[in-house]
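Residue numbers (this note's numbering), protein chains in the order written: chain A, 358 to 695; chain B, 358 to 695; chain C, 358 to 695; chain D, 358 to 695.
A few of these clues could be false.
Identical chains share a label here; the pair holds if one copy fits it or two copies do between them.
Stated by the list, open to error - Taking lysine-lysine pairs in the DSBU-like style, the calculated list, with each CA pair at most 35 Å apart, reads:
| hint | residue 1 | residue 2 |
| --- | --- | --- |
| 1 | LYS513 | LYS364 |
| 2 | LYS557 | LYS452 |
| 3 | LYS427 | LYS513 |
| 4 | LYS685 | LYS619 |
| 5 | LYS373 | LYS636 |
| 6 | LYS528 | LYS364 |
| 7 | LYS553 | LYS683 |
| 8 | LYS553 | LYS446 |
| 9 | LYS408 | LYS446 |
| 10 | LYS560 | LYS373 |
| 11 | LYS683 | LYS364 |
| 12 | LYS452 | LYS513 |
| 13 | LYS446 | LYS373 |
| 14 | LYS636 | LYS452 |
| 15 | LYS683 | LYS452 |
| 16 | LYS619 | LYS602 |
| 17 | LYS602 | LYS513 |
| 18 | LYS363 | LYS528 |
| 19 | LYS363 | LYS476 |
| 20 | LYS553 | LYS364 |
| 21 | LYS557 | LYS446 |
| 22 | LYS427 | LYS380 |
| 23 | LYS373 | LYS513 |
| 24 | LYS452 | LYS380 |
| 25 | LYS513 | LYS619 |
| 26 | LYS364 | LYS380 |
| 27 | LYS380 | LYS363 |
| 28 | LYS452 | LYS373 |
| 29 | LYS619 | LYS363 |
| 30 | LYS619 | LYS446 |
If you are wondering where the hints come from, they were derived from the structure by calculation, not from laboratory data.
4 protein chains.
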Amino acid sequence: MIITVKKEAPQQEIDKLIQGFEKRGLQVTLIHGDNYNVFGLVGDTAGLDDKTIRANPFVEEVTRIAAPYKKANRLFHPQDSIIDVAGIKIGGNEKIVVIGGPCSIEGANETLEIAEAVKDAGADMLRGGAYKPRTSPYAFQGMGTEGVLAMVEARKQTGLPIVSELMSADKLDEFVEYVDLIQIGARNMQNFDLLKAVGKVNKPVLLKRGLANTIEEWIMAAEYIMSEGNQNVIFCERGIRTFEKYTRNTLDLSVVPIIKEKTHLPIIIDPSHATGDWKLIESMSLAAIAAGADGLIIEVHNNPECAWSDGAQSLKPERFAEVIRKGKAIAQVIGRDM
Amino acid sequence: MIITVKKEAPQQEIDKLIQGFEKRGLQVTLIHGDNYNVFGLVGDTAGLDDKTIRANPFVEEVTRIAAPYKKANRLFHPQDSIIDVAGIKIGGNEKIVVIGGPCSIEGANETLEIAEAVKDAGADMLRGGAYKPRTSPYAFQGMGTEGVLAMVEARKQTGLPIVSELMSADKLDEFVEYVDLIQIGARNMQNFDLLKAVGKVNKPVLLKRGLANTIEEWIMAAEYIMSEGNQNVIFCERGIRTFEKYTRNTLDLSVVPIIKEKTHLPIIIDPSHATGDWKLIESMSLAAIAAGADGLIIEVHNNPECAWSDGAQSLKPERFAEVIRKGKAIAQVIGRDM
Amino acid sequence: MIITVKKEAPQQEIDKLIQGFEKRGLQVTLIHGDNYNVFGLVGDTAGLDDKTIRANPFVEEVTRIAAPYKKANRLFHPQDSIIDVAGIKIGGNEKIVVIGGPCSIEGANETLEIAEAVKDAGADMLRGGAYKPRTSPYAFQGMGTEGVLAMVEARKQTGLPIVSELMSADKLDEFVEYVDLIQIGARNMQNFDLLKAVGKVNKPVLLKRGLANTIEEWIMAAEYIMSEGNQNVIFCERGIRTFEKYTRNTLDLSVVPIIKEKTHLPIIIDPSHATGDWKLIESMSLAAIAAGADGLIIEVHNNPECAWSDGAQSLKPERFAEVIRKGKAIAQVIGRDM
Amino acid sequence: MIITVKKEAPQQEIDKLIQGFEKRGLQVTLIHGDNYNVFGLVGDTAGLDDKTIRANPFVEEVTRIAAPYKKANRLFHPQDSIIDVAGIKIGGNEKIVVIGGPCSIEGANETLEIAEAVKDAGADMLRGGAYKPRTSPYAFQGMGTEGVLAMVEARKQTGLPIVSELMSADKLDEFVEYVDLIQIGARNMQNFDLLKAVGKVNKPVLLKRGLANTIEEWIMAAEYIMSEGNQNVIFCERGIRTFEKYTRNTLDLSVVPIIKEKTHLPIIIDPSHATGDWKLIESMSLAAIAAGADGLIIEVHNNPECAWSDGAQSLKPERFAEVIRKGKAIAQVIGRDM
């Protein structure tokens with residue numbers, strides 16, 4: 358950690374700071390600059406609060422050198438982590454996974470029908486929302502437990518593992534019993550109590566990036582889960598909020614190489630929520646694969662115009678199959694299977 | 358609602374759309390433009406999902422005319438709502454309230470000491486975090502119930518009502534019993550299950566704006582609470598996330614007149630979290646009052662350099678008193694008391 | 358154009374508005390909604406100023422239906438435009454072009470050396486900055502005319518057409534004489550006088566997206582050039598500014614399918630400026646090709662650690678060759694040559 | 358400057374780096390951390406390019422300690438600079454200035470009429486656009502020289518100094534002859550050639566903040582002007598671009614105390630362009646004064662509904678007078694005149 362101190366700081370203040378750091382077992386180097394003095398601190402600075410140090414009126418700036426995450430940090434865990442979701446392996450050089458399914462679960466028959474369609478198209482897993490985070494309280498809020506059970510039935514028929522979003526810790530038992538991959542949605546990325554709760558169970562977690570969260574905060578959210586014991590975290594980029602109006606969000610594909618550089622965990626891409634527009638899904642899916650993503654999660658609906666939510670961003674099964682077809686060819690170019 | 362349809366749409370598609378809208382009891386007007394056709398829909402369109410309509414490949418754009426919120430909408434509730442927090446009235450032309458206290462509760466004695474200091478300075482209420490939403494799992498997570506009880510004790514001694522953040526519905530009973538104003542933090546602004554939970558109790562709620570949420574989404578979060586029955590919502594702006602690096606967040610004071618135009622609810626300003634820098638608190642507090650805010654919530658600590666969190670943004674009690682002194686004079690200029 | 362008017366508007370105001378619109382030859386349809394009245398205007402509304410209409414205190418909202426651009430609009434020009442740069446064709450189904458070269462021109466020998474290296478690697482054109490837009494007045498500002506002439510010499514030796522940034526209209530003659538593709542940089546995307554100036558010459562223009570400009574504003578910048586007569590505009594995405602700190606900017610690849618849907622012009626991607634990090638160039642380049650981009654512009658330097666600017670984002674020639682090698686394979690998957 | 362180097366860096370690389378820095382006369386301190394090594398550099402690092410250092414694959418991070426600006430830096434110029442605009446003093450503890458006038462100059466009579474109205478209301482200077490930066494080439498582009506002369510005539514009649522935007526260096530002579538305060542617009546904040554041009558003349562410059570520029574970049578734009586010789590720079594905040602849709606831009610009032618802390622130059626606020634909505638002007642103007650701004654620049658039009666541009670954000674003269682009346686009272690509270 359580097360601490361920049363104003364030249365006008367009295368010696369007595371500087372001594373007090375140094376003593377405080379040394380008491381914590383940190384080794385202090387003082388560099389006298391022309392306009393500022395600078396402390397370099399060596400040792401475990403994770404327990405130091407930047408903002409408390411900055412409260413000292415003589416402190417100009419505090420800069421962290423070491424990343425604030427440990428368990429997710431590739432520095433301390435150089436090999437890729439491969440996450441196992443009901444027998445499907447995600448990450449490293451494993452096959453790129455494709456997850457397809459409706460935004461909202463709308464009934465047992467409809468779910469089974471889409472499950473079969475996405476399976477035929479080549480999907481590895483089924484997605485579907487039973488509990489829906491909707492901006493409006495007047496919009497459809499999801500079928501709840503009934504929706505989860507419809508997915509369980511579809512899994513029984515098709516063999517596809519199921520992914521669904523958990524919105525509240527009080528449904529965690531239900532998800533542990535029925536769901537194969539527990540999704541934490543973008544709006545709950547910093548719902549720390551929910552992160553701690555899924556950190557205590559032994560199910561893989563799909564952690565979506567918040568709409569305006571930095572990559573570092575996203576990794577810290579994974580760190581919350583991992584620090585409670587659950588190491589099975591998969592990142593999912595779904596677009597960030599910018600000033601652009603032609604897309605719902607701005608898909609940030611540079612996260613793919615960055616997450617792989619900074620952490621040892623897999624990352625998949627959700628082009629449906631990122632763009633909000635089915636016409637953009639194919640190109641963004643192929644781009645994600647070319648960028649090195651470990652998987653895709655795409656909304657598919659037999660009849661998007663009648664979907665109960667987010668129809669505009671859903672692909673019909675035939676187009677979904679086309680995306681997978683082209684995706685496989687791109688995967689081969691970069692040395693992956695799909 | 359206005360729906361823009363491509364010129365190439367076949368008549369049969371247009372008829373199908375019209376029949377669909379009419380079945381819902383909507384009145385349809387069709388305008389033939391040069392490059393597009395446009396439908397105007399009159400009636401209750403709140404149940405229509407924009408994204409489902411946009412899934413139709415002939416639909417170019419969907420524009421809502423009516424605001425999606427009802428209970429918070431000033432159009433249907435022209436008078437200002439005055440929220441009563443343990444006898445203190447907030448909103449309308451009531452006295453501008455000042456809430457002060459530490460970021461984190463650090464012990465019973467420390468809390469009492471700060472409570473007395475903020476009371477002496479002229480504060481109306483005491484704030485303090487017992488459950489802390491921290492970016493890092495390795496940072497201090499708050500004293501929990503013990504912290505809440507420390508605030509209760511401080512209230513007993515000083516008479517100041519208390520405000521604290523609720524992070525999880527499973528602590529709601531504790532908050533209903535002990536806390537006077539339940540804060541929903543920025544990171545939980547779209548934790549819809551938590552919003553529904555506080556919507557079912559009869560305590561006022563301080564609803565912070567999410568770091569990257571639009572004003573409309575913020576009002577919709579209030580609508581979640583209000584649609585469950587609890588009409589006692591106070592908005593709190595605490596800065597939004599932008600590209601700027603000299604401040605922690607960008608304080609958006611234009612929300613004050615906008616919230617007052619669009620809704621009938623009160624709004625207060627948190628300059629501490631918005632700026633992250635105690636040197637900016639005074640000027641932003643005075644600006645907030647001049648802009649018409651109904652209150653301020655400011656972090657105060659006897660010894661910011663030793664605070665367990667966010668020391669850099671905490672005022673010492675004397676500076677806090679100075680802010681109140683100047684604030685009162687500004688309040689008078691715009692015809693308010695403080 | 359759709360104009361939403363408050364219910365409380367007196368009939369006389371409504372009549373005045375209608376007369377104003379009819380005087381301009383617009384056809385007006387009035388829809389009576391429950392909470393608002395809505396005017397639909399048909400005809401040429403390009404001359405109407407939204408903000409002037411919004412100045413009427415009874416007007417709640419103004420919504421444009423038709424896009425504000427004409428010459429760039431694919432609606433009126435359905436075929437892809439192919440832009441010819443010194444014999445190299447860009448756009449449509451033409452070969453994907455690769456432009457490589459140093460951030461700053463540093464001398465005749467250095468330029469020739471890099472030109473030969475990028476040519477050997479497979480590049481189609483040479484880029485290089487002779488006039489440099491630097492944040493600091495104390496940073497190297499470019500070699501100016503001498504730099505342009507160094508590129509001209511490199512073109513003579515290698516046959517590669519040259520691309521360089523024009524920062525000021527007073528150098529336009531020099532660029533028309535010597536440069537094959539005139540770049541307008543991100544910071545000048547809304548320097549309207551410069552846009553008009555390059556609109557009057559007959560050289561192709563590479564128009565970079567501004568750091569915080571919407572796609573619509575970007576197309577309007579092209580429209581400035583085209584409305585002066587020069588139809589040879591190529592868009593270039595180079596990342597937009599967001600809150601993220603691990604990358605210099607956020608590369609927005611969804612612009613590729615959007616620009617192709619809304620306009621008939623080509624689009625190329627600059628992964629170097631977007632990311633600011635050479636480690637991310639390869640994955641973002643391959644993603645751009647998979648997304649359908651018409652070309653890449655990449656910074657290449659023989660010795661990035663000694664570059665006079667932006668070394669961190671420059672590839673060495675061998676890595677550049679590797680990007681082209683993999684890029685060709687991805688291009689084939691989507692049916693393009695490179 | 359602090360340079361973080363990976364532990365795996367070979368000794369030979371470290372020696373090479375140290376030698377490079379020492380050759381530049383910098384004093385190097387090396388701190389061995391647990392996971393990284395850190396160099397502290399003391400001396401004049403302004404000539405070092407961060408990005409070139411970062412090009413070294415063993416370098417993890419480069420952090421500047423000293424601000425990159427010198428002439429604008431309060432550290433080297435502790436007293437407030439007072440800028441004289443045709444006899445009106447701006448900055449320090451001088452009277453808060455009020456600048457009013459139309460967005461676009463529309464004719465000599467109209468200009469004179471508004472000039473008299475703003476003077477009566479209490480304005481100190483007249484603003485007006487003769488050259489207009491419009492998003493669309495089909496929108497009114499300003500009256501040009503004729504507009505400038507209309508303002509000159511209004512100055513003759515009213516005595517109010519005049520402010521107008523310069524869009525291109527080729528009109529600089531005209532502005533030097535006729536205009537009292539030369540405005541550089543937000544879209545040209547990083548048009549470095551234009552900045553250098555106005556840096557060479559002896560007229561005060563009103564430098565608007567770019568729509569997505571950091572405060573540091575803004576100060577660096579001032580530094581461009583000052584490094585050419587012209588020290589008479591006044592900052593003007595006019596809102597930044599965010600995701601919010603209810604306002605045109607987000608007014609960032611925290612810039613007021615920050616600009617005053619970091620620099621010795623004055624800062625004024627433009628609430629008209631920031632909000633785009635006349636209903637928000639009064640509250641944002643009063644907030645700006647309370648925050649400590651040195652002035653306001655506000656759009657005023659006799660008949661906003663007939664303005665040729667930006668009517669929605671223009672105040673009528675009576676409301677403008679009301680803003681000044683209340684503003685004076687707020688100014689007194691913070692010890693300023695207005």
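Please flag the earlier hints that this structure goes against, numbers listed from lowest up. 1, 3, 6, 7, 10, 13, 17, 18, 23, 24, 25 and 28
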